[in-house]
Amino acid sequence: MKKTTLSAAALLAVGTLGLAGCSSADAEAEASTSSSEQAAEETVEPQDITLWLAGTDTPEALIEYLKTEYTDVNGGSLTVEQIGWGDLISSLTTALPDSENTPDVAEVGNTQAATFTTVGAFMDLTDYYDEFGGDSLLPGFVEAGSIGDQVYALPYYFGSRAVFYRSDIYEAAGVEVPTTLEEYTEVNASMKEQGLGGAYLAGRDWRSGISWIFANGGEIAEYDGSEWHASLSSDASIAGMEMWQDLFETGNVAQSTDDDTTTYSAINDEFLSGTPASSTLAPSWATWTLGDYDEETEGYVWNPETFGVYALPGVDGGTAPVFAGGSNIGVSAATQNVEGSLDLMGIIFSDEYQTMLAENGMGPANLDYADIYAENSYFEGVNAVALEAASNAKLTPAAAGWASIEEAGIMEDYFQAVAEGGDVATLAAEADAKIDELING
Amino acid sequence: MTTPAPAPDTVGTEPAHPQTPAPTRSRRPRRSKLPLWLILPAVGTLLVGLAYPVTWQIINSFKEYGLAQQFGQPAEFVGLQNYIALLTDSVFWTIAIRSVVFMALTALITMAIGILMALLMKAVPTWSRIVLQVAMLLAWSMPIVAQMTVANWLIDDRNGVVNYALSLIPGVDMVGHNWLVEPLSFFGVAMTIIVWASVPFVAFSVYAGLTQVSEEVLEAAQLDGAGRAQTLRLIIMPIIRPVLVILLLLQLIWDLRVFAQIQLLQDFGAGGERYDLLGTYIYGLGIGQSQFGMASAAAMVVMVLTIAVSWGYVRSMLKEDQES
Amino acid sequence: MTRTLLRGSGAALAVLLAAVWAFPVYWMINTSFQTPGSINRLTPTFFPTHGTLGNYTAVLADNSFLAGLGMSVTITALVLVVCVAFATLASFAIARFRFRSRGAFVLAIIIVQMLPAEAMFIAQYKMLASANLLNSVLGVSIIYLAMVVPFTTWMLRGFVAGVPVDLEEAAMIDGCTRMGAFRRITFPLLAPGLVASGVFAFVQVWNEFALASIILTENEKATLPLWLRDFAQTSNLGVTEWGQVMAGSVLVAIPVIVFFMIVQGRMAQGLVGGAVKG
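Protein chains in written order, with the working numbering: chain A, 1 to 441; chain B, 442 to 765; chain C, 766 to 1043.
By construction, these hints were calculated from the structure, which means they are not laboratory data.
A virtual CB, placed ideally from N, CA and C, is assigned to each residue, including glycine.
Hints may be right or wrong, so weigh each one.
[What the hints assert, rightly or not] To spell it out: a stretch of chain C is covered by chain A in this simulated footprint if at least three of its residues, at any positions, have a beta carbon under 8 Å from a beta carbon of chain A; those stretches are:
{"#": "1", "segment": "797 to 804"}
{"#": "2", "segment": "883 to 891"}
{"#": "3", "segment": "958 to 969"}
{"#": "4", "segment": "1020 to 1028"}
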């Protein structure tokens, strides 16, 4: 009995979905009238639902769009709450299991997605997977939200990392944009020797530093079919870390105790002191805070004369895998408004909304819209590079205990200790032991 | 009780004669229901607000209760497993000892500075006393979140004024120094902020206590040839001693339970057990790592430890209470 | 001669200490009037000579600050009034009467204060959720009330004990009932004690944010500490807009400064009064 109602609801949801997609693509007015007609015919109960978004990352305009569109499609109203990143885990932990108070749809950081998926916090969306984008959805993120072949939390948006650099400093030092990871070290070492600049490699910023491990074929942890095992002390991981340590010692201008809070703006004029930072590996959205300061608008304006961007090169050329930031989104398993939630998911994965994400500089979940993302940027080139890096991006292990590892700051401590010149193999073994203790939840 | 006779009345609540010993002795022995009605609202409040959470906490401290259980899996009783795991974990003991040391240092430093400040206020011309009082009042009234936010801005590694000022010293370059990475430095920052914020309260209270020491007594002491130090030690200190005792006690309680400041500082800087005191450790176990069973056990252990440590005091308080 | 010199250097020291204690407050105000341009320079700007009100207009642009102020004031006022009322009654009971459950009650209010709050958040959430009190003033207030009533009761007990029982007895001879005597004679004399213990409750409630962040998930229900914390953490993609954050801090501090200005004299006196006699 329950099953039939559910599938009927699903059918209905799919029906409205198709309409929503069509309305955004072509004639908006026409589609919305027909959707309300259909609603009248099928006497769908409008549902008032709640969406939890993480922080203020989703721009106001997009939130407004979701609200109006939802009312058009479903007839009910959509309430959007922005939960600060710092409170996200605690709020989700308390609210998601509670069917009376759960948000119907919730965004969750991509590194937290696995944890919540594993414990059954999200509804099974496997049946709608193709409808919402199917194999065009970012594979790494889908994996983080899946158990086996069942999909629970889908990608929401992504950000990737690229090297932002000062072309004027590169020119003055007579160095070219590096094409291999080894060259990246050489270029920076050369600049630093000349006292002109160097890489801003914050000692505790493991989300950037992990690229050296990835590029060498290493992993943070590997899944053996039943359990996760930390693999920072694998040969490949250690090779990568030693490369990073070498760069830190020869071509870096940041401190071993620096964290990622200052990384973004390290290459702006105001921050250039002593030996200036000539490049920094930062998330793609850092572009909003890079450039010359403009007193009038009180913001930073990208200056293509002196600023540039490239993807971090790999060991043998190409691009190195970077750590992908971003988030997943899923329907609470405890929701009482399944139809409404699916309507909302339909809107989120519609052409229109994916386009809006892409245009606002957030990597769209559906890679069919990646071109729009690459082209649409407030300055040229960055998103294209970010996308190039994203095609190669990796996530943290999709393990139940990963959130605990982040909470305990194990990765930060490991990178800092390596930056301070410790023996990589010893430190890696220590970090592995700590990770193994927590990673399987 | 060795409490010296209170100084002459300045407040108006002063009893006309020394405290009546055992006022209740003369009370009618008739068992009145009145006191029960009087405590009823307070008892009700505690029951409504705490009965369920405390019971939940006690029960779950004996269960394997993690995120999976929070999402509906049955939580199994594991006996004392959580307690054993906790008590044999060196991390827990490290943090417990760290918390006690932090508490003692912070409270003592606060008291020392506060008392000196109060003595200073007593000694200086009125105008400068008022300047100092206004400054202290401003500091005192800063809400904790605002305190911590401002502190974080002051010690900002690049644009913070603290690093800038230190770098003015020849040969020192502190720009870019992150104060929140070295655990010792982290706790130093936390302690500085807490002392800064707590000194005004201590100073005001001690100062108010000092104003109760009458001029005549002091003059008499001077006539008897007592030096400044002697006056302070033999006359003033005994009179303000009860104030000092209660202040020290309050500081100790607050500094042991400190949570908000450390939590906010971790939000701004680095997290992890190296930066934990007991409050944030329990919070991190529960909310951070979703080990609710362990967090409950930790809370119970901390409560028992607190009771054990303060038992002498609690008993003397209860005894004194029985006698009064 | 040496005395004047001593007083002079004492005054200098007092002013110096005042500067140290006021500096963070000054720096907060100073930064709140500056543009990001002058804030982000490596050389700090010590006076907001080219000040801007831009940070304040930006902070006040949406109504979230006022909403937070409303929540904080409502919750704190409610808890404060109820707490002081309940605690006064209870402190009267334990200071003036012997009764059977008295020992248990006194022990309970001492023990409760030693219980760490940080592990109970989940249970408190569940409790309020089942009573449908999430995101409500009443829900948080109930928990806060249980948090502050024990300490307030204990503190007030000292003050009640400090008022000689003879005064009440005299009033009873004049025909007052027990409660009437308490209300007319003792209660008015408790004023400094009420202020002192009220301030403790105020500070605790006004500053609480950890539980609030779990119970009050709706954005417009955020209390001021939550508002400021979220504001400081989420501004602009990882780069902190210090000017706006400091403007927010100033706004959050103002209500407390006003409150403390009003009560501070009585507060310190009250504490001394209670301690000396308690």
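Open item on the list: Checking each numbered hint in turn, tell me which of them this model violates, lowest number first.
Closed with: The structure conflicts with hints 3, 4, although it agrees with all the remaining ones.
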